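So the sequence lines, in the order shown, correspond to chains A and B.
So that you can map any letter, position 127 of the first sequence is 127 in the numbering used here, and since no number is skipped, the others follow by simple counting.
So that you can map any letter, position 57 of the second sequence is 57 in the numbering used here, and since no number is skipped, the others follow by simple counting.
These are calculated hints, taken from the structure and not from any lab test.
These numbers come from a predicted model, not from an experiment.
Be aware that a few hints might be false.
[Unchecked claim] Pairs of lysine-lysine, DSSO-like flavour, derived with a Cα cap of 27 Å:
hint: 1; chain 1: B; residue 1: K4; chain 2: B; residue 2: K55
hint: 2; chain 1: B; residue 1: K55; chain 2: A; residue 2: K177
hint: 3; chain 1: B; residue 1: K180; chain 2: B; residue 2: K316
hint: 4; chain 1: A; residue 1: K228; chain 2: A; residue 2: K177
hint: 5; chain 1: A; residue 1: K117; chain 2: B; residue 2: K55
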Amino acid sequence: MPDDITLDRGRPLTDAELLRRADWIRLQTIDLIAQAGLGHYSSTFSSAEIVATLYYHVLRLRPSEPNWPDRDRFLLGKGHVATGLWPVLADLGFYPQDWLKQFGKVGSPLNDHPNMKVARGIDFSSGSLGHNLSVGAGMAIAARLTGRDYRTFVLTGDGELQEGQVWEAAMAASHYKLGNLVAIVDANGFSGAGPTSQAMNIEPLAARFESFGWTVREINGHDAPTLKRTFDELPDPASEQPVAVIARTRKGQGVDFMEKQPQAWHLGLLNTEQYADVVAEITARMELANG
Amino acid sequence: MAEKKMVDVFSDVERETAMTANPAGFAVTELGAEDERIVTLAADMSNTVAEFIAKFPERYIECGIAETNSVSLAAGLASAGLIPYIYSMSPFGMLKTCEQWRTDVDYNHLPVRLVGRLSGLAMGYFGTSHYAVEDIAIARTMNNTVVLSPADAASCVSLMRSTAGLENPVYIRIAEGVGKVYDEAPEYEYGKWPKLRSGTDVTLIGHGMGVGLVAAAAETLFEHDSVEADVFDAAYLRPFDEAALLASAEKTGRVLTVEDHSVVGGLGTIVAETIARAGLSVKLDQVALPDTDLEVGVPAELYEYYGLTPANVAQKALNLARR
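Generate coordinates for the entire structure from the input sequences, incorporating the hints supplied.
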């Protein structure tokens with residue numbers, strides 16, 4: 001990629017391209033996990049359309065200059081789905097494709113959870129749930145203090161919302177009128193050990209964020225036109241209410257047997273036969289979309 | 001004998017006394033005037049930076065009583081090029097938020113500064129929830145964090161000034177109500193301990209309030225017992241002045257550490273580990289807080305109860321020198 005190319009906000013992306021890109025993320029993810037030997041499938045799959053929309057349509061980026069001060073920030077609060085992000089950052093030119101081959105190996109900049117000190121294009125490290133909305137609020141306040149118009153997006157899981165710190169951050173974001181901060185909840189309904197609200201009820205999510213002073217959009221997190229429109233219609237970064245996009249998603253989306261047993265595929269490894277089945281299912285859908 | 005009472009260390013924010021009553025607040029105001037990247041944060045502790053807020057209101061971020069949020073939020077500010085100073089009470093600053101500090105600040109090498117007011121037993125009769133006697137043990141295991149413990153007001157200002165440009169995270173442990181140790185603050189060199197006195201009989205090392213105690217004890221030892229002590233101000237607990245310690249320990253063969261911190265994990269532990277690793281045979285002793293449930297009371301009385309007095313330090317040093 002030539003130097004200093006800025007990927008602007010609102011880059012053209014058809015609905016079909018968005019969905020194909022999400023499926024491409026799923027295929028890349030199963031390869032990375034196969035290489036490492038263990039990984040988070042179903043929660044990466046629930047966020048695939050969200051990540052595709054952000055990186056191919058929404059975010060203002062400069063891959064040749066990952067720390068460009070005016071870039072939009074993206075924080076992967078649910079850091080365990082980084083396998084879905086690594087191929088995207090390579091594809092956009094943040095680092096060479098070769099980096100993917102080192103995934104999971106000692107010394108690799110790319111791990112199961114992202115580390116900003118070693119992985120180009122990572123705006124902040126994550127892995128400890130509940131931190132990144134606070135960090136994002138700090139970045140959003142910094143934008144105000146330094147007079148920059150970048151937006152900060154934080155993708156959280158719904159289980160992550162059980163962390164008390166998230167609500168400290170939610171309080172601070174509306175207190176400081178951070179209309180440049182967008183929280184996206186990948187509300188797939190499951191956390192590591194079972195259904196999220198069975199462990200600790202987090203609903204009603206929209207009402208909770210609204211009561212904390214946020215503008216809320218509750219959407220289908222797999223629907224391409226809805227995702228694009230939601231982000232296209234974000235209020236100006238200079239506005240005064242943070243935005244929560246509650247994306248209702250399906251854990252394991254896009255792979256039939258994972259959708260049926262999302263919990264079994266939170267963390268695991270496909271055997272050879274299952275791997276072939278997943279590739280066949282996703283590839284067939286992509287070809288159908290192409291045809 | 002005069003009755004000892006709690007001292008209000010919060011209310012005095014007058015400009016003329018700020019330097020002595022609240023040196024960390026004074027220092028950040030001076031630094032903030034020179035570098036506009038400096039911002040301050042506090043979780044319901046805005047009185048500790050009242051002067052900064054008066055001068056730079058837009059550069060103060062009140063966090064409410066939400067310490068964990070304040071640390072992660074500061075990490076976000078630092079990642080965007082700002083230099084945040086978080087003012088906190090040590091028990092809630094370093095202890096409650098230690099995982100946020102480790103994961104968001106330390107691991108990411110971000111230049112966040114945590115100023116821990118009211119360390120050790122300074123909160124006295126407020127109770128043990130308000131003590132911070134484990135903070136150094138925790139902070140010193142964080143591999144990018146610089147851990148500082150100034151001896152008095154002047155050294156606090158000097159240390160904050162000399163570390164303002166560091167790219168590392170910094171934890172500054174503030175000792176409250178300490179008297180003057182230095183007529184003129186030393187120019188602190190990164191990772192080095194100022195030497196207050198030279199001697200060959202025993203090595204005395206303190207940090208924070210312990211520096212005043214070792215300095216006073218050394219005076220007594222010399223005047224009354226003809227014992228000459230090598231005396232250090234361990235303002236830097238990480239990085240640690242290993243060279244100064246080992247050279248002195250080799251010379252005296254006896255080291256006494258003094259601190260208002262648990263006997264576990266603080267200066268005493270660092271000294272013991274360093275000496276053991278170097279293979280030196282040295283007699284060690286500690287004046288520190290015991291590894292038991294602590295008593296509650298007015299700080300001045302607690303210090304006597306736990307032997308954090310010049311007389312007790314001198315006696316311990318004498319015992320060590322004569323062993």
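Right, here's what the structure says about each hint:
1. B/K4 <-> B/K55: Outside the cut-off at roughly 36 Å; violated.
2. B/K55 <-> A/K177: Since the Cα atoms of B/K55 and A/K177 sit roughly 23 Å apart, the hinted pair holds (cutoff 27 Å).
3. B/K180 <-> B/K316: holds (23 Å)
4. A/K228 <-> A/K177: The hint holds at about 24 Å.
5. A/K117 <-> B/K55: violated (35 Å)
Taken one by one, the earlier hints fail for this structure at numbers 1 and 5, listed in ascending order.
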